[in-house]
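*Asks:* Given the coordinates of chain A, assemble chain B onto it according to the supplied hints.
Going down the list, the sequences are from chains A and B.
Residue numbering for the first sequence follows this note's numbering, starting at 26 and increasing by one per position.
Residue numbering for the second sequence follows this note's numbering, starting at 15 and increasing by one per position.
Hint data in this document are derived by calculation from the structure and do not stem from the laboratory.
A portion of the hints provided could be inaccurate.
Unchecked claim - Which bits of chain A does chain B cover? Going by a derived footprint, with three or more residues having C-beta under 8 Å, they are: (1) 80-94; (2) 103-111; (3) 123-136.
Keep in mind that this is a model prediction, so the values were computed, not measured.
Using N, Cα and C, we set each Cβ at its ideal position, and we do this for glycine too.
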Amino acid sequence: MNNAPPPEPAIACHGLSKNFGPVAAVRDVSLRLERGRFLALLGPSGCGKTTVLRIMAGFEAPDAGEIHVGGTRVSGPDTFVPPERRHIGMVFQEYALFPHLTVEQNTAFGLPGNGPRAQRVHEVLRLVGLEGVKDRMPHELSGGQQQRVALARALAPRPEVILLDEPFSNLDAALRVRVRQEVRHILRAAGVTAIFVTHDQEEALSLADEVAVMIDGQILQVDGPERLYRRPSTHRVATFLGDANFLPASAEGESAVCELGPLRLMEARDGEVEIMIRPEDILLEANDTGPGEIVERTYFGHDQLLGIRMNSGTLLRSRLVGCCRGLHEGQRVTLRVETPVMAYTSRYGCPLLPNSPAL
Amino acid sequence: MSQSVPLGSELGTVDSPAAFPPRRAVAGGSSASWGLRITSAAVAGLCLLPLVYLVVRSLQTGSAMIGILTAPATLRIFFNTLLLVIAVSASSALIGGLLAWLTVRTDLPWRRFWGSVTCLPLVLPSYVGAFALIAALGPTGALQRWLAPLGVERLPSLYGFPGAWLALTLFSYPYVQLSVRAALRGLDPSLEEAARSLGMSGPRVLLAVVFPHLRPAFAAGTLLVALYTLSDFGAVSLLQFNAFTRAIHVHYTSALDRGGAAVLALLLVAFTFGILAVEYRLRGRARYYRSSAGSLRRARLAPLGAWKIPAIAFCVLLSFLALGLPVLVTGYWLLQGGTAATHATPTAMLAFNSLFVSAAASVLCVLAGLPIVIHAVRHPSPAGRWSERSAYIGHALPGIVVALSLVFFGARYAPVLYQTLFMLLLAYLVLFLPLAIGCLRATLLQISPRLEEASRTLGMTSRQTFRSVTLPLLRPGLLTGAALVFLTCMKELPATLLLGPTGFHTLATRIWGATEEAFFARAAAPALLLVLASACSMWILLRHDEAPS
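Next comes chain A alone, as it looks inside the complex (with noise of 0.2 Å):
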């Protein structure tokens, strides 16, 4: 994102702002996404997020900022594109197939009558893998092949981007993993560009090139998906995106002090911080002089979640994947932290640790 622009991105939008009322939904959003690029808009609900989506589709017309479409503006100051002019595709969070359409007519409903129409449905539900139920209605179909047919419908008039709204959110947790991939696999294979909002960290990560967190109308960094767990530029965007303990400490260049010893940085940082670690950076021994207490145990099979007190009353988490190495409610431990950690300089406004929530 920091090289300079190339050429005429698939979607890009700039100052986005949309009030409803007296709450500003979306404040000031810029994105800009490559061709054949997933973006992931990550952000808890009611963040705006669907809102911005609804704003690039053309169902809501933003207060300020434009929008670009395959270097096309669709909306500005003084454009507004309707949406059916936009070539962007949409997959809605309840699939929004047409409940009196076969699995076929949804597919073909936006393709142009002449012109080979009938062949494009074939290539998309070939695509999609839904050849064999294409004379179905679509409530004789199951979540997962629901929201294949969406997908088939917005992918068969050949969108620039392709937008999805939640879209793993109606399967049960079992499929969503495998669903997840199949899309993944179908987007790929079809080269589209794509943008998809949820709620969900895990999904975004794990589907994404590129995550946008979005909180509160505001997109608060974009990055890859890696970079953004592992250097959240924000005390609030390394919270959503999974567990953190952040720790004063006194930094100095390239290492830092803190409850736990010296810490490798990694960005230079000077004077007093706050440091972010990842419940998985903290391995624990157990140790009976040791400098912390495991107070609270939490076992979920394949790891496990440790709450450990500090002899200065600072609660941490540790999370161990693998055997226990008998480690117990009531044992002492030593606790150590091989990877470099996050700093923060100015304060963020959150509550500070002694007090940090429970477990």
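*Replies:* For chain B alone, coordinates are given in the frame of chain A:
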């Protein structure tokens, strides 16, 4: 007429996955087109016309208005109406409540059967009921004929208050029954069990626990009965009880001073609005009382013991009076009809007239309802909401009031249209548009706006989207709405009477006219046809209720 329970509008959005997330702007950036706004405003304007003009016309009577309002005759009419409303409400509450309890909470034999049968009278027009009562029990009715060989010259008079009370009670108690039945079914039996475990006896539980929970349902049902009584014209006029509706009609047909009728009509509207206001407030609270949704355990049935026989007798008597009598009497006079006087207009012609105006009205109502509903549901805005509310005015206006106002308006401002079917259709539109809107609205709410948006992202304009997505999905609502309007129009009496062109008779006006002149045989065939039409409307209503939502 049918009670719309507004529960779904609040809970549905939260509970059922089929509901749509409450977005701030459902249809988003595209606000209603000017065409839509203008048509829905125009329809709303038409609906408001009768009420507005009634006010204008009443004010035109000037100082005479005060005179009419304070005349002893007016006062008498007011008290007559009040008496009738109170009496019918009380008896309906008693009968409806008892039936609801018997058919839901006791071991009454065949209680499901009795539960359905005793609700049926609701769909019969009151004047058919009145016709049946008069033709059976009236001075020269069937009963008198049978008893004549025994030397019985006259039966005690049915006319006046007793007849009106009986007829209206028989045809409106199901409002209470339905409402209380629903509340009884929704009542959590564990409340009663808790009371019993706290040492209360059965009857005390009924009084202290069950009844307080049913009170809102009783209130809602009884108020519907009151509204029905207030607006009824057929039974009241046939049974010659001088309540508002009859007085208005008499004033209109006999008195030279038609302004008097307008003032009386306005007074009736005020009365109706008063009751509606009470109903509205109580309905809001009734929601509060409803116990939690979800499948409840079945309550234990109270054993009737020796009371079984009187209970069954009660059900039989009611069903006989409210259903059996109309059918039997119609059949009897139909057989007698062979010897009756020649008809001015053959029944086939009457049926054709009824079918024709009703069909025209149903198409009109659906077409007029469509822009209103789309505007209100898809483009929520104050204008849309007000259009919809205005279109609902017909629910609050008695038919005679709408008819009277349009008669005045037509005679003065639209002489070309006066005495044509156009004015009659306009009255039907005002009166029955709410039915069409209700069906259309319910159906449109089931159609996710996402479907329309999906169509837009696939390259269809809003017009194409309406044609290829919205309209096909709206079809069931269109058909149900049209059918309901059609069947209700078939039964409509006062507007048809006042606004039909000279010489234009329908089944309804024939039954009324023939009964008034005691030519019962003439009324029989039209009554039979109307009973059949009513049965159809019941069937449609039930089907509509059962339709998966």
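*Asks:* All hints are to be evaluated individually against the structure, with a verdict given for each.
*Replies:* Hints and how they fare:
1. Coverage of the region 80-94 of chain A by chain B holds [criterion: at least 3 residues with CB-CB distance below 8 Å; count 5].
2. For the region 103-111 of chain A, the assignment as covered by chain B holds, since 6 residues bring a beta-carbon within under 8 Å of that chain's beta-carbons and 3 suffice.
3. Given as covered by chain B, the region 123-136 of chain A passes the check, having 5 residues with a CB less than 8 Å from a CB of that chain where 3 are the minimum.
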